[in-house]
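Novice: Chain A is fixed; fit chain B onto it per the hints.
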Amino acid sequence: MSANPIKIKDKISMDSLSISLFTDLVEKVCVIVVIAYLLTRLKYFTEVLDGKLTIRNQLIMILIFGGISIYGSYSGVNIFGAIANVRDLGPMVAGLVGGPIVGLGAGLIGGLHRLTMGGFTCIPCSLSTILAGLFAGIIYLANKKRFIGIWGAVLFSILLETFHMILALILASPFAQALEVVEDLYIPMILANAVGMFIFAFMITNLIKERATKKERDKLSAQLERRKKEMEIAQQIQESFLPHTIPFIENYDLAASSIPAQEVGGDFYDFIPISSEQTGLTIGDVSGKGIPAALFMAFSRTLLRAKACRNPGVGRMIESVNNFINEEPHSNMFVTLFYSILDSSRNKLTFVNAGHNPPLLLRNENGEIVRLSTGGVVLGAMKGLKMEEKTIDMSPQDLLVLYTDGVTEAINQQEDQFGEERLIKLIKDNRDMPSEDMKNLIIDTVYDFASGTPQADDITIMVLRRVM
Amino acid sequence: MEITEKTINDVEIVFLNGRLDAYNSNLVENKLDELIDSGKIKMVADLSGVEYISSSGLRVMLSSLKKLNKLGGTLKLSSLQPYVMEVFEIAGFTQLFQIYDSEDGAVASF
Numbered sequence: 002m003s004a005n006p007i008k009i010k011d012k013i014s015m016d017s018l019s020i021s022l023f024t025d026l027v028e029k030v031c032v033i034v035v036i037a038y039l040l041t042r043l044k045y046f047t048e049v050l051d052g053k054l055t056i057r058n059q060l061i062m063i064l065i066f067g068g069i070s071i072y073g074s075y076s077g078v079n080i081f082g083a084i085a086n087v088r089d090l091g092p093m094v095a096g097l098v099g100g101p102i103v104g105l106g107a108g109l110i111g112g113l114h115r116l117t118m119g120g121f122t123c124i125p126c127s128l129s130t131i132l133a134g135l136f137a138g139i140i141y142l143a144n145k146k147r148f149i150g151i152w153g154a155v156l157f158s159i160l161l162e163t164f165h166m167i168l169a170l171i172l173a174s175p176f177a178q179a180l181e182v183v184e185d186l187y188i189p190m191i192l193a194n195a196v197g198m199f200i201f202a203f204m205i206t207n208l209i210k211e212r213a214t215k216k217e218r219d220k221l222s223a224q225l226e227r228r229k230k231e232m233e234i235a236q237q238i239q240e241s242f243l244p245h246t247i248p249f250i251e252n253y254d255l256a257a258s259s260i261p262a263q264e265v266g267g268d269f270y271d272f273i274p275i276s277s278e279q280t281g282l283t284i285g286d287v288s289g290k291g292i293p294a295a296l297f298m299a300f301s302r303t304l305l306r307a308k309a310c311r312n313p314g315v316g317r318m319i320e321s322v323n324n325f326i327n328e329e330p331h332s333n334m335f336v337t338l339f340y341s342i343l344d345s346s347r348n349k350l351t352f353v354n355a356g357h358n359p360p361l362l363l364r365n366e367n368g369e370i371v372r373l374s375t376g377g378v379v380l381g382a383m384k385g386l387k388m389e390e391k392t393i394d395m396s397p398q399d400l401l402v403l404y405t406d407g408v409t410e411a412i413n414q415q416e417d418q419f420g421e422e423r424l425i426k427l428i429k430d431n432r433d434m435p436s437e438d439m440k441n442l443i444i445d446t447v448y449d450f451a452s453g454t455p456q457a458d459d460i461t462i463m464v465l466r467r468v469m
Numbered sequence: 209m210e211i212t213e214k215t216i217n218d219v220e221i222v223f224l225n226g227r228l229d230a231y232n233s234n235l236v237e238n239k240l241d242e243l244i245d246s247g248k249i250k251m252v253a254d255l256s257g258v259e260y261i262s263s264s265g266l267r268v269m270l271s272s273l274k275k276l277n278k279l280g281g282t283l284k285l286s287s288l289q290p291y292v293m294e295v296f297e298i299a300g301f302t303q304l305f306q307i308y309d310s311e312d313g314a315v316a317s318f
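Those protein sequence lines, which keep their order, are chains A and B. The first sequence begins at 2 in my numbering and counts up by one. The second sequence begins at 209 in my numbering and counts up by one.
Bound conformation, chain A alone (with noise of 0.2 Å):
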């Protein structure tokens, strides 16, 4: 015995059935995806978000949303055998996001288009539409303007569509046959608001989000602004520490130049009138880089100018600058400073190397370099140090080159060091160069040296040579 063919048929054409509604869904499903993906591409929907009223896009939502819930009075879904619609999402959508006049509006569109329609759940189904928006609205409020969020938005909908039920059977008659329908409709329509519902709200959440980045990153752009504005000032400022012009020393050729990493640094060079013969020679550099080694960098440069004036001597003068650095906080920065006082009439240098980079005397006698130390300590280490002081003569052609660490330790893309040594040979293989172009031939062999990397440290170099 074969099965009943009858039951077959009915088997087969209602799965074609299920799978027709179920595309039919989907469809649908993909409208609303659509409708809100786009909705939070449009500038006024933006300006509701961002809690920006106007009358004019208040008016625009209203007319969109109530677009929306008529759309959904138009495109049921057959779920279970009953038409389920969305026409109260709209409105609701609308209340959520922009407020009661917005919400009431999209609500009184829908609803009053419901009425047109007709049929015994007229009244109850338009009323419910209308109050959606409104109490989307008042939630809204509630909620201090901001929207209540996915889980939120998806719970109102399910108690909206349970109100909605109830009023059908409060307000339709007869009372059976409204009874029957809601026990049809009740799951379908609860479940295809609260998922158009969870699309709307998701796409609102991620919006939300997007706009919140968004006004971060204008912030600290703003930030940046600023704060470049400050550095160029502080710039300015430090640049007229530094010696404008090269002092001219009867029988000495002399030149200097001093080149930040960042926009401030923390090197410095000087030239200090001492007397008509004597000539205050420094070349120094604060631990660290940017704006706070330059603030420290302007107060010792300072500092020794100041002194220097009343103290010919050379050891004692700066022990008592290290003393004076030492009797303020001064969060432990340094700086390492080599002082001498050039007497140009009896061709004496005299000098302080307080870990400084020692400088590298050239004599023209033999062509030996001599490295000018006294082993100081670096100023602001520790108080009452000792600073030894040591003299010696400046023969004809002598060259004396002071530099900071930004010239031995630029590294190339290699990360070997420039060094001591590559700076000892150039000075030897160059030794009868003027001063200002052995100083210039210097800092290019540096750049050459280190090209492609960016530049790590200050970088200062002064170049002095006994003329006669």
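Be careful, since some hints might not be right.
Said to hold, decoys possible - Mimicking EDC-like on lysine to aspartate or glutamate, the simulated pairs with C-alpha atoms at most 20 Å apart in a straight line are:
id, chain 1, residue 1, chain 2, residue 2
1, B, 274, A, 328
2, B, 278, A, 328
3, A, 426, A, 369
4, A, 387, B, 297
5, A, 426, A, 438
6, A, 384, B, 210
7, B, 214, B, 297
8, B, 275, A, 329
9, A, 215, A, 51
10, B, 278, A, 329
11, B, 274, A, 329
12, A, 229, A, 211
13, A, 53, A, 233
14, A, 384, A, 328
15, A, 308, A, 328
16, B, 275, A, 328
17, A, 426, A, 445
18, A, 391, B, 297
Unchecked claim - Away from chain A, derived, C-beta distances all over 10 Å, residues of chain B:
id, residue
19, 209
20, 262
21, 271
To be verified - Partial list, derived from the structure: chain A residues whose beta carbon lies under 8 Å from chain B:
id, residue
22, 333
23, 334
24, 379
It is worth saying that the hints were derived from the structure and are not from the lab. All C-beta atoms, glycine included, are put in the ideal place defined by N, C-alpha and C.
Specialist: Relative to the frame of chain A, chain B by itself:
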């Protein structure tokens, strides 16, 4: 920059590994402050793994030395690589720190 530590008797030995430049100096300073705050006042910094030190690195060493001295302890150094030793010599830091060839020597001296 990797930092590891070891305690022998009541001396804390901190091993630094990497470049002590402006960027890493913060990390090292925080670590040393942490140890100091937890009561370690006898410290040895072993620099066998440090091939480069900048002025920021020197500053951190000096700062820690001063903090420990104030608390009645001190910071000693061990196993400096030649380049780093030279930097210390030029800056005069060899007059401020006790420097040993190995961590054992440093620990024994306490």
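Novice: Could you run down the list of hints and mark each one as holding or not?
Specialist: Now the hints, each set against the structure:
| no. | hint | result |
| --- | --- | --- |
| 1 | 274(B) - 328(A) | 14 Å, holds |
| 2 | 278(B) - 328(A) | 16 Å, holds |
| 3 | 426(A) - 369(A) | 11 Å, holds |
| 4 | 387(A) - 297(B) | 16 Å, holds |
| 5 | 426(A) - 438(A) | 16 Å, holds |
| 6 | 384(A) - 210(B) | 33 Å, violated |
| 7 | 214(B) - 297(B) | 27 Å, violated |
| 8 | 275(B) - 329(A) | 16 Å, holds |
| 9 | 215(A) - 51(A) | 12 Å, holds |
| 10 | 278(B) - 329(A) | 16 Å, holds |
| 11 | 274(B) - 329(A) | 14 Å, holds |
| 12 | 229(A) - 211(A) | 27 Å, violated |
| 13 | 53(A) - 233(A) | 37 Å, violated |
| 14 | 384(A) - 328(A) | 8 Å, holds |
| 15 | 308(A) - 328(A) | 16 Å, holds |
| 16 | 275(B) - 328(A) | 16 Å, holds |
| 17 | 426(A) - 445(A) | 15 Å, holds |
| 18 | 391(A) - 297(B) | 18 Å, holds |
| 19 | 209 | 16 Å, holds |
| 20 | 262 | 8 Å, violated |
| 21 | 271 | 4 Å, violated |
| 22 | 333 | 4 Å, holds |
| 23 | 334 | 7 Å, holds |
| 24 | 379 | 5 Å, holds |
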